[in-house]
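Q: These protein sequence lines are chains A and B, in that order.
Using my numbering, you'd call the opening residue of the first sequence number 93 and step up by one each time.
Using my numbering, you'd call the opening residue of the second sequence number 95 and step up by one each time.
Think of the hints as simulated: they come from the structure by calculation, not from any bench.
These numbers were taken from a predicted model, which means no experiment stands behind them.
Accuracy of the hints is not assured; some may be wrong.
[Claimed, not checked] Simulated restraints, written as ranges between beta carbons of each label pair:
{"no.": "1", "chain 1": "B", "residue 1": "Glu183", "chain 2": "A", "residue 2": "Asp387", "range": "18 to 24 Å"}
{"no.": "2", "chain 1": "B", "residue 1": "Glu331", "chain 2": "A", "residue 2": "Ala291", "range": "14 to 20 Å"}
{"no.": "3", "chain 1": "B", "residue 1": "Ala242", "chain 2": "A", "residue 2": "Asp220", "range": "24 to 30 Å"}
{"no.": "4", "chain 1": "A", "residue 1": "Arg638", "chain 2": "B", "residue 2": "Thr240", "range": "44 to 50 Å"}
{"no.": "5", "chain 1": "B", "residue 1": "Glu183", "chain 2": "A", "residue 2": "Pro490", "range": "39 to 45 Å"}
{"no.": "6", "chain 1": "A", "residue 1": "Thr296", "chain 2": "B", "residue 2": "Thr240", "range": "22 to 28 Å"}
For glycine and all other residues, C-beta sits at the position ideal for the given N, C-alpha and C.
This is what each chain is made of:
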Amino acid sequence: MVDADGRLLTGAREVCEMRELYEHRPSHRPRSAYADLALVNGRIYTGDPGLPWCSALAVAGGRIVARGERGDIAHALGAGTRLIDLGGRFAMPGLYDMHTHPDLALAPRYADDLDIGIVDPRPDEVRDAVLAYAAKHPDREWIYGQYFVRYTFRQAGLVPGKAWLDTVMPDRPVALLDRMWGTMMVNSLALERAGITAATPDPTNGYLERDPVTGEPTGLLIDGAYALIHAAMPPTPVPVLRAAYRDGIRYQSARGVVASKYVHVCENRLQALHALDTAGELTVRIEAAISWQDDIFPVRRRWELLTGERHYYRSARLNANAVKFHFDGTVEPRSSYLITPWDGANSGWAGKINLTPEHLADMLWDMDRQGIRVIAHCTGDAASDTFLDAVAEARRRPGGLGVRHQCAHCTILHGSNLRRFRELGVTAEFSPVSWYPSRFVSGARSGYGPERLSRAYNVKGVLEAGGVAVIGTDWPVSPLDPWIALETLVTRANPWGEMEGRFGEPISVEQAIGVMTRNGAWSMDMEHRAGSLEIGKSADVIVLDRDLFAIEPQGNIHATRVDLTFIAGELVHDRLNAESDAVWQGEAPKLW
Amino acid sequence: MAGRGAQAVVRPSAIPVTVIGGFLGAGKTTLVNHVLQGDHGLKIAVLVNDFGAVNIDAALITSSEGGVYSLANGCVCCGLNQGLVEQLEELLERPGSFDHMVIEASGVADPARIMDTVRYARFAGRLQADAVVVLVDLAGFDQAMTAAPGLAETQLDAADLVVLNKADLVPLSQIEAWRKRWQWPGMRVITAVDARVPFDFLFAGQQTGADRAHDHAHAHEQPVSRTWRSSAPVDLEALAAVLKSLPPAVYRAKGFVRDSQGRQLAVQVVGTRVTVVPVGPGASSVGDGSILVLIGFGADADFDGTLARLDACASPSR
Ligand SMILES: [Zn+2]
Numbered sequence: 093m094v095d096a097d098g099r100l101l102t103g104a105r106e107v108c109e110m111r112e113l114y115e116h117r118p119s120h121r122p123r124s125a126y127a128d129l130a131l132v133n134g135r136i137y138t139g140d141p142g143l144p145w146c147s148a149l150a151v152a153g154g155r156i157v158a159r160g161e162r163g164d165i166a167h168a169l170g171a172g173t174r175l176i177d178l179g180g181r182f183a184m185p186g187l188y189d190m191h192t193h194p195d196l197a198l199a200p201r202y203a204d205d206l207d208i209g210i211v212d213p214r215p216d217e218v219r220d221a222v223l224a225y226a227a228k229h230p231d232r233e234w235i236y237g238q239y240f241v242r243y244t245f246r247q248a249g250l251v252p253g254k255a256w257l258d259t260v261m262p263d264r265p266v267a268l269l270d271r272m273w274g275t276m277m278v279n280s281l282a283l284e285r286a287g288i289t290a291a292t293p294d295p296t297n298g299y300l301e302r303d304p305v306t307g308e309p310t311g312l313l314i315d316g317a318y319a320l321i322h323a324a325m326p327p328t329p330v331p332v333l334r335a336a337y338r339d340g341i342r343y344q345s346a347r348g349v350v351a352s353k354y355v356h357v358c359e360n361r362l363q364a365l366h367a368l369d370t371a372g373e374l375t376v377r378i379e380a381a382i383s384w385q386d387d388i389f390p391v392r393r394r395w396e397l398l399t400g401e402r403h404y405y406r407s408a409r410l411n412a413n414a415v416k417f418h419f420d421g422t423v424e425p426r427s428s429y430l431i432t433p434w435d436g437a438n439s440g441w442a443g444k445i446n447l448t449p450e451h452l453a454d455m456l457w458d459m460d461r462q463g464i465r466v467i468a469h470c471t472g473d474a475a476s477d478t479f480l481d482a483v484a485e486a487r488r489r490p491g492g493l494g495v496r497h498q499c500a501h502c503t504i505l506h507g508s509n510l511r512r513f514r515e516l517g518v519t520a521e522f523s524p525v526s527w528y529p530s531r532f533v534s535g536a537r538s539g540y541g542p543e544r545l546s547r548a549y550n551v552k553g554v555l556e557a558g559g560v561a562v563i564g565t566d567w568p569v570s571p572l573d574p575w576i577a578l579e580t581l582v583t584r585a586n587p588w589g590e591m592e593g594r595f596g597e598p599i600s601v602e603q604a605i606g607v608m609t610r611n612g613a614w615s616m617d618m619e620h621r622a623g624s625l626e627i628g629k630s631a632d633v634i635v636l637d638r639d640l641f642a643i644e645p646q647g648n649i650h651a652t653r654v655d656l657t658f659i660a661g662e663l664v665h666d667r668l669n670a671e672s673d674a675v676w677q678g679e680a681p682k683l684w
Numbered sequence: 095m096a097g098r099g100a101q102a103v104v105r106p107s108a109i110p111v112t113v114i115g116g117f118l119g120a121g122k123t124t125l126v127n128h129v130l131q132g133d134h135g136l137k138i139a140v141l142v143n144d145f146g147a148v149n150i151d152a153a154l155i156t157s158s159e160g161g162v163y164s165l166a167n168g169c170v171c172c173g174l175n176q177g178l179v180e181q182l183e184e185l186l187e188r189p190g191s192f193d194h195m196v197i198e199a200s201g202v203a204d205p206a207r208i209m210d211t212v213r214y215a216r217f218a219g220r221l222q223a224d225a226v227v228v229l230v231d232l233a234g235f236d237q238a239m240t241a242a243p244g245l246a247e248t249q250l251d252a253a254d255l256v257v258l259n260k261a262d263l264v265p266l267s268q269i270e271a272w273r274k275r276w277q278w279p280g281m282r283v284i285t286a287v288d289a290r291v292p293f294d295f296l297f298a299g300q301q302t303g304a305d306r307a308h309d310h311a312h313a314h315e316q317p318v319s320r321t322w323r324s325s326a327p328v329d330l331e332a333l334a335a336v337l338k339s340l341p342p343a344v345y346r347a348k349g350f351v352r353d354s355q356g357r358q359l360a361v362q363v364v365g366t367r368v369t370v371v372p373v374g375p376g377a378s379s380v381g382d383g384s385i386l387v388l389i390g391f392g393a394d395a396d397f398d399g400t401l402a403r404l405d406a407c408a409s410p411s412r
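From just these sequences and the hints, can you work out the full model?
A: Rendered as structure tokens:
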């Protein structure tokens with residue numbers, strides 16, 4: 093079934109057959125004595141300390157049924173077994189990316205919003221573009237897009253705002269961003285739809301420009317005030333989100349990811365993932381975390397989703413049994429919540445949290461009782477400290493199910509919290525793709541000061557204290573490529589050598605693989621079914637173009653290419669054979 | 095004003111903020127130094143995005159702590175790094191209040207974004223947008239324009255007042271060419287040498303004497319001012335219409351008015367930025383009637399016409 097180059101040839105088997113129901117079989121249905129898939133002649137790292145290496149694997153019903161040398165699986169090989177000769181290539185368990193947002197970067201590509209497409213549009217060009225868009229999209233309720241330039245309005249002796257926009261388009265709501273994305277111009281109908289009047293208070297992080305005397309909104313909204321308009325606009329449509337997720341999934345499969353957490357989802361996002369699932373295109377196991385707060389986009393019907401509708405989407409590949417929220421801020425604007433104040437601060441400024449500890453504790457306990465995982469963005473040490481306190485409180489209260497909650501980012505951890513990850517059964521998630529030395533990071537990290545910096549990104553500390561550390565790429569904050577993470581976990585250095593130095597303590601290749609495979613499975617409650625190549629576990633195998641244990645990590649691991657990706661024995665990615673029956677063929681698409 | 099119930103009433107203690115923008119080399123730092131050394135009688139906090147670039151006379155510095163430098167004339171100066179919101183919060187928490195705040199935007203910054211932050215609701219009642227002053231290096235503008243045309247437009251757009259600096263280094267024809275290419279209808283432009291901008295334009299200055307300030311900062315031309323007074327209540331809608339359409343030669347208007355309901359309101363106009371805010375109790379300097387000072391340039395400042403239109407806003411019969 094392979095040609096001389098080790099490429100897979102299209103089998104006689106019907107392609108769609110396997111995609112239909114994924115791997116389900118009733119437990120009492122008689123099993124075939126033979127494997128449907130066998131990988132032989134490989135250098136296979138299993139991730140199982142009992143048998144770290146083998147050269148052959150046999151798979152039946154999506155699970156590994158035999159492993160060892162070729163002779164150890166011979167009994168499982170039958171006439172119907174698809175035999176793949178790896179030609180000595182390196183194989184290992186598939187990767188787990190436990191925090192990412194592929195929709196945020198990709199959805200705008202499919203949204204088909206108004207894009208005026210002129211560097212310096214004059215008001216009449218803005219007008220013409222709005223009218224043309226309106227004519228071309230008669231079914232679109234809102235006209236939304238970019239951009240206008242205030243200067244060109246001034247040059248023309250015009251004032252941007254609702255008065256001008258009403259002359260262009262009075263009968264459909266319009267919202268246009270300016271070139272710097274600092275101002276949104278809307279017409280009267282948009283204000284009306286959003287319920288914005290002179291009595292509407294300003295949000296804390298923005299304002300409505302108003303007539304100085306009447307207080308009437310002028311139709312210019314600044315920064316945080318956009319949210320008022322976005323809340324009134326229809327949510328991103330399902331087909332747009334579906335196209336976006338499809339690209340992301342295809343990329344992840346091509347880079348060897350077999351399971352991922354998509355954090356911040358809403359009903360439409362779940363619908364989109366569900367549509368991919370039923371089409372057989374969900375080639376990554378997804379845990380989707382519903383947005384607890386409207387901090388990225390408004391989430392309609394949140395309570396219905398949380399109390400039960402999330403189960404509607406459940407399948408072998410998809411679940412929505414998680415919530416995500418931003419607990420503190422970020423390093424750049426110095427809004428991470430820290431135990432001691434930020435360096436260089438003249439006051440006691442130590443950052444902020446977005447929920448009170450009481451709110452957090454009640455929410456955590458309530459979600460825990462429902463079996464819902466809480467994923468909390470915690471960049472500062474005080475944020476994770478407070479989060480762990482709340483988990484401890486939930487563990488004391490009755491009714492909890494002991495859900496493995498997740499502390500996201502863990503940029504700075506306090507030393508005495510390291511052991512609490514193990515004690516409380518909390519996953520420590522890190523973002524190694526965004527924390528190797530670079531110009532951006534060096535600027536952003538300066539506020540930590542030397543003491544805090546010395547204990548940043550403490551993956552090693554969590555592991556040594558017996559805790560479970562996982563990684564998230566956090567795309568689009570940093571690239572969706574998990575191999576950058578694997579390299580920087582091992583080197584803590586810049587993969588391209590663009591900047592000297594190392595941040596944080598490195599871990600070994602073996603440890604890093606464990607973090608990105610077995611630990612990910614644990615954080616998805618699947619460690620007994622997946623995460624390493626053991627008999628009885630899901631056949632989630634990736635075949636690489638290089639042996640991770642035989643190369644110099646720096647500059648090499650991130651460039652690893654994934655030739656084959658199997659999830660539950662299904663071939664989902666085949667890099668080298670465009671004729672393959674894999675769901676996806678060829679190189680990973682370029683996404684950024 | 096009835097519709098403004100949701101907005102916080104600006105207390106008289108709200109600190110006016112001037113943002114200074116412009117490309118590198120336009121004279122922002124020179125202007126900041128004029129402010130720090132100026133005899134304007136104000137306690138001023140200056141935030142600069144790159145402290146190292148500001149050469150303050152060491153004799154002026156009385157103490158320094160945590161990146162904040164206290165100066166002999168009561169001013170403080172600090173380096174602005176990440177987190178404008180937090181930096182402003184910190185400054186507002188400092189003991190001893192300021193009369194005014196000046197923020198120097200970096201050469202590549204959009205000064206409007208900085209002023210937007212000042213206008214966030216979280217600063218309502220504590221900070222008040224006064225003016226965005228953008229300096230233009232007449233000698234180097236073309237070069238800057240080629241380098242970053244969008245940025246130049248953005249900076250100009252943000253300006254309530256444009257200062258054409260280094261006017262002594264270019265021929266008059268170049269100034270005219272600049273105006274022809276860049277000036278929009280109603281843009282308030284002054285020419286200056288060594289970034290000497292009259293303090294009247296930088297500071298809302300309800301306490302500053304304009305005369306005093308003029309002695310210490312010299313623009314190319316000298317501003318002139320006229321005062322309008324009325325004891326009759328003012329119709330706010332009519333007043334707003336007048337203030338929004340002041341002749342281009344009138345650069346600033348400031349003062350207090352009393353409306354038909356007997357409320358006192360502070361009025362500030364810089365360029366096209368009009369601010370009308372209720373004055374809280376305890377603003378003792380405010381008399382019974384209305385007073386507005388108009389500041390303009392040149393013989394074409396149509397003061398008489400404006401004064402007549404203002405008179406029409408205040409009628410005893412209303
Ligand atoms: Zn994230």
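Q: Does the beta carbon distance between Glu331 (chain B) and Ala291 (chain A) stay inside 14 to 20 Å, or does it fall outside?
A: Cβ of Glu331 (chain B) to Cβ of Ala291 (chain A): about 18 Å, so the range 14 to 20 Å holds.
Q: Is the gap between the beta carbons of Ala242 (chain B) and Asp220 (chain A) within 24 to 30 Å?
A: Holds, at about 27 Å.
Q: Taking the beta carbons of Glu183 (chain B) and Pro490 (chain A), is their distance inside 39 to 45 Å?
A: holds (42 Å)
Q: Please test the hint of 18 to 24 Å on the beta carbon pair from Glu183 (chain B) and Asp387 (chain A).
A: Given range 18 to 24 Å: holds, Cβ gap about 21 Å.
Q: Range first: 44 to 50 Å. Now tell me if the beta carbons of Arg638 (chain A) and Thr240 (chain B) are that far apart.
A: holds (47 Å)
Q: Can you tell me whether the CB distance of Thr296 (chain A) to Thr240 (chain B) sits inside 22 to 28 Å?
A: violated (40 Å)
The structure fails hint 6 only (numbered hints given earlier).
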